[in-house]
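These are the residues of each chain, in order.
Number of protein chains: 2
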Amino acid sequence: MVAASTPTHRSWLRKRLPILGWLPAYKRAYLPADLIAGLTLGVIAIPQSMAYALLANLPPQTGLYAAMVTPIAYAVFGTSRALSVGPMAVVALLTGNLVAQFAAPQSPQAAQIALGVALLVGLLQVVLGYLRIGFIVNFLSYPVLSGFTTAAVIVIILSQTKHLLGVSLAGPAPPLFEAIHLVEALPSANPFAVMMGGASIAVMLVFNRCLGRWLTRLGASETVAGLVARAGGLVVVSAGTLLTWLLRLDESANLQIVGRVPAGLPPLTMPFVSVDMLGAVLPSLLILTAISYVGSVSIAKSLASRQREKVDADQELIALGAANIVAAFTGGLPVSGSFARSAINVASGAITQLSSLFAALVIACVLLFFTPLFYYLPQTVLAATIVSTVISLPDLEIVRQAWRYSRADWLTLVVTLAGALLLSVEAGLLLGIVSALAVHLWITSRPHITVIGRLEGTETYKSVERYTVKTCPHVVALRIDESLYFATASALEDALLNAALDHPQATHIVLDCSAVNRIDLSALSALETTDRQLKAIQVTLVLTSVKGPIYRHLLKSGFVARFGPERFYLSTHAAMRALGCD
Amino acid sequence: MVAASTPTHRSWLRKRLPILGWLPAYKRAYLPADLIAGLTLGVIAIPQSMAYALLANLPPQTGLYAAMVTPIAYAVFGTSRALSVGPMAVVALLTGNLVAQFAAPQSPQAAQIALGVALLVGLLQVVLGYLRIGFIVNFLSYPVLSGFTTAAVIVIILSQTKHLLGVSLAGPAPPLFEAIHLVEALPSANPFAVMMGGASIAVMLVFNRCLGRWLTRLGASETVAGLVARAGGLVVVSAGTLLTWLLRLDESANLQIVGRVPAGLPPLTMPFVSVDMLGAVLPSLLILTAISYVGSVSIAKSLASRQREKVDADQELIALGAANIVAAFTGGLPVSGSFARSAINVASGAITQLSSLFAALVIACVLLFFTPLFYYLPQTVLAATIVSTVISLPDLEIVRQAWRYSRADWLTLVVTLAGALLLSVEAGLLLGIVSALAVHLWITSRPHITVIGRLEGTETYKSVERYTVKTCPHVVALRIDESLYFATASALEDALLNAALDHPQATHIVLDCSAVNRIDLSALSALETTDRQLKAIQVTLVLTSVKGPIYRHLLKSGFVARFGPERFYLSTHAAMRALGCD
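Protein chains in written order, with the working numbering: chain A, 1 to 582; chain B, 1 to 582.
Certain hints may be false.
Copies of the same chain are indistinguishable here, so a pair counts whether it falls within one copy or spans any two.
[What the hints assert, rightly or not] Straight-line distance between alpha carbons at most 35 Å, and here's what the computed DSBU-like set of lysine-lysine pairs gives:
#1 K15 to K535
#2 K27 to K15
#3 K162 to K15
#4 K15 to K310
#5 K547 to K535
#6 K462 to K556
#7 K535 to K162
#8 K535 to K556
#9 K27 to K310
#10 K535 to K470
#11 K535 to K310
#12 K462 to K310
#13 K462 to K27
#14 K535 to K27
#15 K15 to K462
#16 K547 to K470
#17 K470 to K310
#18 K27 to K556
#19 K547 to K310
#20 K162 to K470
Treat the hints as calculated values from the structure; they're not laboratory data.
These numbers come from a predicted model, not from an experiment.
My request is simple: use the sequences and hints to build the entire structure.
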C-alpha cells in the first residue's frame, strides 16, 4: 500500500508545487537566456513597480517589495514558465480605490491597509483554487471585461493627470467628476511638471513604438533593438531624476519628488484586517480577486499555448493567491500577472521562472544599494511611465465591433463603460455582470421555435419559413433551437399550445429536440403541464431526437415511464412515418 | 388612409379592452349559467376575502371591497373568461409583511399603506405589460416557485395559528422564530378558540374532501354535490358566528371577534406613497408584483387551454395592473387571480366574466345590508378557513422529485425553502433566483464536449466514448453540446487547445457546431484568440454544421470573411472528406 501510494503522493506534490518539476530538470544551457531575460525584466520592473505603487496610493517602496518577492512565490507554485507576476496597473487602481476609503494616499496607514487587502485577496484565490471554483470568472463576459478595461485605462490616465499637472485634488470622486476637477485645476498647473511629464511620455512613446523599428532598419540585431526599445522607462527616469537633482527643481520649481525610499530588503510585515473593513470592502475585494486572476490566467494560457503546454487554471489561482499572501507579509501590495512584462520576458528569451528569480535579484540590489538615487525622481515622470504604458490598452474599436455583432453585447459593454465612468470602475463591472446575465436570459427566453416539414425526397426536416417542405395536416412538427430550462419553459408551453390552436385539425404535435442540450426541472414541469392540457383537447405530444444523455436522465428520473416510452422517437422522420405522414 | 386605419384602431382597442369582444357577442342563453356561477362565487368569496384581509394585517372590509371591485376591472381588461380576480393567500401574506413594517395590524394606517402598495404594484404591472417585459418572471424557475409556495403555505399556517390559539405575539419575526414563539405561547392558549378553530378546520376538510363524493354516491347530481361541497366556509362562518352571539363567547370566553364591519359600498380612497417607504419596500414590492402576476397568468393559461383559447400574457399583466390600481382607489388591497375560486367558477358553469360581475353584486348586497352579521364572527373561524384552504397547496413531494431529477434543481429548491423559513419568504425567493442563475451558469460553463468519429458505413459522427467509430490521425473532430456564450467560452478554448496538445500529430481540428444555438461576442472572441494560438502551432481550425441563422449573423458581422469562408463546412462528414479522412 505504501509503495503504491508514493507515486500518487509525488504526482500530487508536483501538481501543487510545479517547481519540483522544472527545477530538477533545469539544464545549464538555459542559464544565459534566463539571465539576460531576468536582467531586462528587473530593470523594467523598477520604475514600473514604483509607479504602480503610486497609482495604488501607496509609498513607492511597496511596489519594489512586491516586484521582488511575489515572483519567487509564483515560481514555486505557478505552472507558467514565462508569466511575470508583480504590481499591475488595473489591480493597482482597484487597490488604490480601496485604500483611499480608509487612509491618506501614501501614508503608512495606507500601506497597512494594502497588506490586509493583499492577504484577503490571496486567501480568497487559494480557497477558490482548491475548491476548483475559479470557473466563476466566466461571469465576466468579453464585453464586460473590455468595457471594464477601457474604463480602467481612462480612470488610470485621469488619476495620473494630477501628477502630470503637478496639482492635488480633493479626495476620490467618480471618474467624470475627477475629469471636471482636473479641468478646473488646469490654471494652477505646474508648468515644469507638465513639461517634464509631457516630454517623458513623448520619449517613452518614441522608444516603445519607433526606436526598435529604426534600429532594425539601421542593421541592429532584433535582440539589441528590442532591448533598447524597452529602455525608455529607464531613460526618462534617469534623465528626469538627474535634471531635478542638478537644477534642484523640487525647490526652485516646486516639483513633487518621490523623496526618501527606505533602503534594505523587504521587511517582514503583519497584515491586519478588521471585520468592519471587511464588510465595507467585500464587493470591491471580490472584484479585485477576480480581476487579478482573470488577467493572470489569460496571459498564462496565451504563453503556454505557444509552447504547446497546458495551464492548470486552478493551480494558477493557487499560485497567484500564494504570491498575494507573500506580498501581505513582506510589505507589498496586491499583484497579478503582467501582460507587458511577461511579453518582454518571453521576447528576451526566458526559458523558465529562473528569469523572474534573476529579476528579483536585480531589484534586491537596487533596494540594498541604490534607493537614495530615487530621492529626486519626480512624480510627474512616474505618472508619465504609467500613462505611456496603459495608453495602448484601451480599445474603443470594440464598441463599434460589438454594435455590429450584437446589440445585446453592445448594451452590456455600454452599461459597463457608463457605470464605470459615471460611478466607479467597480460599480461598472457589477452592472455589466448583471446586464450580461439579464440579456442572456432575455435572449434565451425567446428561443427560435419553428414549424418544420420534410424536404421532398429526403428524411430531413426543415423550417417551413425558409424551405419548400411537405407538412402533414394532422401532425404539427416543431423544432426548438434552445435548451429547455427555466428561461425557455414558458416559451415552450406557449409554442405547443399555440401549435394546437393554430392547427385545429391536428391530433399530434411532434417536438424535435435535436437542438436541446439540457432539460431542467422547470422545463420538465412545463412539459408535463402542457401535455395534460393538450390531452384535454385530444392532442398527443410526441418527442423526437432527444439526445442520449438527456434521455438516460429522463429515464432514470421516471419521466419516460410517466410520459410513455412509446411517445419517444429516435428521429422526427421515424415519428412522422409512425403517425402516418409519409 | 383613414378608412384603412379604422380596423387597425378597432382591433387595437379590442386587444386592449377585451370586453368589447365578448360583451357585444353575449348570448342570452349564457345568462343562467353565469348567474349560478356568480352567486356561488360571491358566497364563497365573502368569508375568504375577509380572512385574507386578516392575513394581510388589514381590517376585514378591505377584503370585501377588493373582492367586489377588482373583478369588474379585470372583466374590462382581462382576456380570460373564467379567471376570478381578488384577494389571494400568498399575495395577502406578502402584503401583510409589507404593512407590518409601517403600521399596527388592522389599523387605519395599515389600510392606508396597503392602498399605496396596491397602487405601486398595479402601476408596475401596467408598465411591464405595455413594455412587453412580463418575460422577466421566467427568472422564477419551477424549483424557486415550488419552494416559495411551500414556504409561503407554512408561513401562512404559522401566522394563522396565533388566531387559532387565541393568543397575540410580539411583532413580526422570521418564520422559524414565529414557530418557537407559538410553542411558548401554547400554555396561554384560549381553549374556546382552539376548539372552535379545530372544529371549523375539521368541518371544512370534510366538506372539501368527502362530502361531494358521498352525495354523488347517494345519487345527488354532480352540480348539487359540487355546490354543497363548497359551502363549508359558509357553514362554519354561520355556525361560529351564531354560537358566539348566542353564548356571548366574546365576553364569556374572551374569544376575539371581527367586530364592527362598516356598512356601505367601497369608499373612494386616495392612495399615498412616500419616497422613503418606496425605497424601503422596493424589493418586496417587485416580488409582490411578480408573484401576483405569475399566479394569475398561469391560472389564465391553464383555463384558456381547456377552451382552446389563447391568453395574451402582456394584456393579462395590464388587466391585473388595472385591477390593483382600482383596488388602490376603492379601499382594497393588492389582488391576484385565485386558483381555487377560478376553478369553482368554471365548475359552477361560468361562461364569461359576467359571472364575476354577478359575484360582485352579491358582495355589494352583503356590504350594504348584512355587515352587522359579521360582528360576532370569531377570528379563529376565519383563520380556520384560511388554513383549510391553503393546506392542500404545499407539496413536499417536490423536494424528493427534484432530488431524483437533478441535484442542481434540488439545491435551488432547498435554498429557497431554507431562506424563506429562516429569514423571510421574500429573502428565500431572492436567494432562490440567485441560486438558480448561478447553478445554470455553472452547468452550462462545463458543457459536454466530446471527440467524435464516423460510424462505419454511415455519414454519422458519434462520440468515441460511447460508440465504435473511425477517427482520423491528422484531424481531430470535436462536438460541443451547448451554445457558445460567455459561460462556455473558456471551456471551448480549453477543449480546442487540449485537443491540439493531446493529438500532437493533428493538423486540423474540426468543431461540429450542430448543437450550438447561439454564439455571442465573448465566444466569438475566444474563438478568434484560440484560432490565433492554434495557427501558431500549425493547427487549422474548421467549423462544421453551423446553423443557418448563426452563419448569416457571422457573415453579416464580418467574422466569416476574417476567419475564411473556406473553413466552414455544411457537415462534419463534408469537412472530413475534404481533409482527406475518408
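Looking at the structure, which of the earlier hints fail to hold? 3, 7, 13, 18, 20
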